[in-house]
Amino acid sequence: MRNKTWGVIAAVVVLHVTLLFAGFVAPYDPAGQNRELPYAPPTRLHFHNGSGWHARPFVYRLTIGPDGYMEDKTIPFPVHLFPKGSAHKLLGLFDTTTHLFGVEPPATVALFGTDAFGRDEFSRVLYGGQISVAAGVVATLIALLAGGILGILAGYYGAWTDQSLMAGTELFLCLPWLYFLLGVRAFLPLHLSPTRTFFLLTCVIGLIGWARPARLVRGIVLSTRSRNYVLAANGFGASDLHVLRYHILPDVLGVLTTQATLLVPRYIAAEVTLSFFGLGVNEPMASWGNMLSSLQQYSVLVSYAWLLAPVGAVVVTSVTYALLADTVQSRLKFSST
Amino acid sequence: MKVITRLALLVCLLAGVCHATGPLPEKPNPGEELFRAEQVSGHYGGQLTIGGRAEPKTFNPVIATDAVSREVIGRLVADLIEINRASQQTEPALAKSWKTSSDGRVFTLQLRKGIRFSDGHGFDADDVLFSFAVHLNEKVDSPQRDLLIIDGKPIAVTKIDQYTVRFVLPRPYAAAERLFDGIAMLPKHLLEKPFREGKFVETWSLNTAPAAVAGLGPFRLKQYVPGDRVVLERNPYYWKADSRNQRLPYLDELTFLFVGTEDAQVMRFEAGATHMISRLSSENYNLLSRERSRSGAQLADLGPSLEYNFLLFNQNDLGTKKLDAIARKQRWFGDLKFRQAVSAAIDREAIVRLVYQTRGTALWGNVPPGNKLWINTNIPHPPKSLDSARQLLKSAGFSWNSAGQLLDSSGARVEFSIISSSSNTQRMKMATLLQDDLSHLGMQVHIVPLEFRALVDRVFQSFDYEAAIMGLGGGDADPNPEMNVWTSQGTSHLWHLNEAQPATAWEREIDGLMQQQMVTLDYARRKQLYDRVQQLIAEQLPFIFLATPNVLAAADARVANFHPAILDPYTLWNADELYIRTPIENAGVR
Numbered sequence: 001m002r003n004k005t006w007g008v009i010a011a012v013v014v015l016h017v018t019l020l021f022a023g024f025v026a027p028y029d030p031a032g033q034n035r036e037l038p039y040a041p042p043t044r045l046h047f048h049n050g051s052g053w054h055a056r057p058f059v060y061r062l063t064i065g066p067d068g069y070m071e072d073k074t075i076p077f078p079v080h081l082f083p084k085g086s087a088h089k090l091l092g093l094f095d096t097t098t099h100l101f102g103v104e105p106p107a108t109v110a111l112f113g114t115d116a117f118g119r120d121e122f123s124r125v126l127y128g129g130q131i132s133v134a135a136g137v138v139a140t141l142i143a144l145l146a147g148g149i150l151g152i153l154a155g156y157y158g159a160w161t162d163q164s165l166m167a168g169t170e171l172f173l174c175l176p177w178l179y180f181l182l183g184v185r186a187f188l189p190l191h192l193s194p195t196r197t198f199f200l201l202t203c204v205i206g207l208i209g210w211a212r213p214a215r216l217v218r219g220i221v222l223s224t225r226s227r228n229y230v231l232a233a234n235g236f237g238a239s240d241l242h243v244l245r246y247h248i249l250p251d252v253l254g255v256l257t258t259q260a261t262l263l264v265p266r267y268i269a270a271e272v273t274l275s276f277f278g279l280g281v282n283e284p285m286a287s288w289g290n291m292l293s294s295l296q297q298y299s300v301l302v303s304y305a306w307l308l309a310p311v312g313a314v315v316v317t318s319v320t321y322a323l324l325a326d327t328v329q330s331r332l333k334f335s336s337t
Numbered sequence: 001m002k003v004i005t006r007l008a009l010l011v012c013l014l015a016g017v018c019h020a021t022g023p024l025p026e027k028p029n030p031g032e033e034l035f036r037a038e039q040v041s042g043h044y045g046g047q048l049t050i051g052g053r054a055e056p057k058t059f060n061p062v063i064a065t066d067a068v069s070r071e072v073i074g075r076l077v078a079d080l081i082e083i084n085r086a087s088q089q090t091e092p093a094l095a096k097s098w099k100t101s102s103d104g105r106v107f108t109l110q111l112r113k114g115i116r117f118s119d120g121h122g123f124d125a126d127d128v129l130f131s132f133a134v135h136l137n138e139k140v141d142s143p144q145r146d147l148l149i150i151d152g153k154p155i156a157v158t159k160i161d162q163y164t165v166r167f168v169l170p171r172p173y174a175a176a177e178r179l180f181d182g183i184a185m186l187p188k189h190l191l192e193k194p195f196r197e198g199k200f201v202e203t204w205s206l207n208t209a210p211a212a213v214a215g216l217g218p219f220r221l222k223q224y225v226p227g228d229r230v231v232l233e234r235n236p237y238y239w240k241a242d243s244r245n246q247r248l249p250y251l252d253e254l255t256f257l258f259v260g261t262e263d264a265q266v267m268r269f270e271a272g273a274t275h276m277i278s279r280l281s282s283e284n285y286n287l288l289s290r291e292r293s294r295s296g297a298q299l300a301d302l303g304p305s306l307e308y309n310f311l312l313f314n315q316n317d318l319g320t321k322k323l324d325a326i327a328r329k330q331r332w333f334g335d336l337k338f339r340q341a342v343s344a345a346i347d348r349e350a351i352v353r354l355v356y357q358t359r360g361t362a363l364w365g366n367v368p369p370g371n372k373l374w375i376n377t378n379i380p381h382p383p384k385s386l387d388s389a390r391q392l393l394k395s396a397g398f399s400w401n402s403a404g405q406l407l408d409s410s411g412a413r414v415e416f417s418i419i420s421s422s423s424n425t426q427r428m429k430m431a432t433l434l435q436d437d438l439s440h441l442g443m444q445v446h447i448v449p450l451e452f453r454a455l456v457d458r459v460f461q462s463f464d465y466e467a468a469i470m471g472l473g474g475g476d477a478d479p480n481p482e483m484n485v486w487t488s489q490g491t492s493h494l495w496h497l498n499e500a501q502p503a504t505a506w507e508r509e510i511d512g513l514m515q516q517q518m519v520t521l522d523y524a525r526r527k528q529l530y531d532r533v534q535q536l537i538a539e540q541l542p543f544i545f546l547a548t549p550n551v552l553a554a555a556d557a558r559v560a561n562f563h564p565a566i567l568d569p570y571t572l573w574n575a576d577e578l579y580i581r582t583p584i585e586n587a588g589v590r
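If you're matching them up, the sequences are chains A and B in order. So in this note's numbering, spot 232 of the first sequence is number 232, and the numbers just go up one at a time. So in this note's numbering, spot 274 of the second sequence is number 274, and the numbers just go up one at a time.
You may find that some hints are simply not true.
Within a straight-line C-alpha distance of at most 25 angstroms, the following computed SDA-like cross-link-like pairs (lysine to any residue) qualify [said to hold, decoys possible]:
1) A:K89 with B:G404
2) B:K384 with A:I64
3) B:K139 with B:W400
4) B:K384 with A:F187
5) B:K321 with A:F187
6) B:K321 with B:D335
7) B:K193 with B:A174
8) B:K322 with B:S492
9) A:K89 with B:W400
No wet-lab data here; the hints were simulated from the structure.
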């Protein structure tokens, strides 16, 4: 049990730290076009050349031949650790040009291949992950904050507050959210910088998602409200704020934590969907959704399998969050029994 | 064993007879003046299916404006004089010959005798007069009407006798016989009544019974299944015959399947459900060519098309429209040096390589190299040069801040958005390349994908855009259809629509040159005038030309006489000559 918990926590930490340090882990600028290498397949890492085995992997430079890309095997380019490369901001604060790994130009190391503009797919998956996961997390926080507050109000005060708020949740729950999001995005102004689009997008996703957590929280507050210790506190003249803070919120927090781990992957999927349809984050910024949008073209889908890399990233992230949700839930059950 | 072989043969024969679903072609009448296509040979039978991207909107040839309707209707009707898509020259069609007066104003056309509409009714001069009356009618508002009105006066049509018609133009008009291509001849006996009653626009809609639609084209309407297909069958009275005097067309049926997108067209084609694709993107062309060894498909790369893709800056008079932000940026857009700098920074070779996979050509002028008769080959092709772009910007008063961002003379950051059609992946890719190219000059460019109609609305109506990537051209190789783009009054004078007066001296000069070439009959002199127009456009850059794609088409291995052309309709222009090879013939070909 304990081992599994630590395993899950380690996976979550590794995932987020990698994305947080995307600029460092990624060998290239995500918007940097290499117009000589469009749709290049993933670079092969070699450990063996004619003369023998090497501990340090190396790559060969790609050249375009009549049948597509070929490796120019005359010069091996070893993969270096901590080379200098394109400028980026570490954690968004410190300017640096150091990357985790890379090769000397003119060779390139594109672990997941390149896209139509010769941009490194691996670097874009990492930078795109920042956008997509951040969108998921921020939207979750917004949804839980709004849902939590409204749920507590509805559950604690009951009567018309409850009825009107719950009618609101019913309305939001029956909305076909994808079409609603498409509609809302279409109303937003066109001339938006990618950063603004990102914030608007997360707000919209988050604000639409408040209904489900609100109903859950309301249910918990309703049952907690009639417990003896709450009634006692009320009887001793405790203020509403005191009761909410010391007697009701602790019960609600557990539910909100589990909800958070369930909602993040859902909202990542929402961001991916919107960007896939061209309504989310725009070029040249990467997000997992807009990276996948080129696969809407049949010829790309059947010819360049490596462009499916963001799908792998979405799956890995969703599974990690699902495991986390599972762990959190079992820990909560464990602590309450 | 012998018995079995004979039985099998009999079954095959019977199957063949039962399979011939279309009406059999009529034997030529003695007095019938058929068009003899001497080069064409083939055999009867077979159905050809083609995947279309959308449904037609009407079967009425006079009011159809969209490409899909016109592609279907084009097989149902015929014109007096046609432009041969392969040679790009005019050739006799329903008119067997014509004479032009020495001043180029009077055309006398001799019609073919004894030919019939697809319902068996004869065709003569009265049908021609009626057809032109309909096309010129203001209420009908045909898209071809503008072409038939020269200097505000319509072309006058008179009947000399049952098979002779005279056309008088208000003034000499260059390449006037090309005007007749696209003016469909209509059956007076079917359409006169609705026309007199003012109901012409509603006739021959999608709900019309197929038998009520008749034309002079190689096929006639058999069936329309909404949302699924249009089936055409052989016109048994068609007026063309092949080298062996067999009446064309060879095909029993021609079916248009509505499949939605180009990708769906390709998938259906790969699956063998359709026989032909008219216009392919280079990606799909490469995909099909990789499978060629297995499928044996016929692929045609015809070289540069007549389409030109360009970057357009909004220089419209915004007047009372509340578009202050755009009006501010128009100071840059109106500056020739700014446009020249943008043009110099664009890597056109990369567009050809990355967007068209080398199946395209970079452009510096409005006439693509596919138009060999009219291109001005003296227009310079300067390669990408960031240095000259920077110098141009500097001389125009722009400067750079410490972060390398471009600032205008008032210190404002140079930032603008480019709109483009979200469904056109090739133009979206161009936008991404341009964004990167211009970022090297310190310009910040945002790409805004828009649904096509929203884009058209912004460019033509509301003027609420800063820059756009669009494409034009592809109709005819002649300069006359381009009048509406380059003359200041033109309806597609996109960078500055609705000019009361030519806004600049060079626009005034282009107006004069375009008018003059239209009334000049001598090709060499016209070419000289149009060369000057091209030179002015290349110098003044109202559009920044990017690239033109090649015309790419594909057909199943079984389709014979497949000769695609760079003029629209790329593959079906010779639908009457197409036929399906038998498996034995096909084995010989492969």
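These are the hints, each one checked on the structure:
Between K89 of chain A and G404 of chain B the alpha-carbon distance is near 17 angstroms, which keeps this suggested pair within the 25 angstroms criterion. Between K384 of chain B and I64 of chain A the alpha-carbon distance is near 22 angstroms, which keeps this suggested pair within the 25 angstroms criterion. At roughly 57 angstroms between alpha-carbon atoms, K139 of chain B and W400 of chain B are farther apart than 25 angstroms, so this suggested pair is violated. For the hint linking K384 of chain B to F187 of chain A, the alpha-carbon distance of about 38 angstroms lies beyond 25 angstroms, and the restraint is violated.
Distance check on the hinted pair: K321 of chain B and F187 of chain A sit about 20 angstroms apart at the alpha-carbon level, within 25 angstroms; holds. Under the criterion of a C-alpha separation no larger than 25 angstroms, the hint pairing K321 of chain B with D335 of chain B is consistent with the structure, at around 21 angstroms. Of the supplied pair hints, the one linking K193 of chain B and A174 of chain B is violated, its CA atoms being roughly 35 angstroms apart against a limit of 25 angstroms. For a cut-off of 25 angstroms, the pair hint linking K322 of chain B to S492 of chain B stands: about 23 angstroms separates their Cα positions.
Between K89 of chain A and W400 of chain B the CA atoms are separated by roughly 22 angstroms; this keeps the pair inside 25 angstroms, and the hint holds.
Against the hints set out earlier in the document, violations occur for numbers 3, 4, 7.
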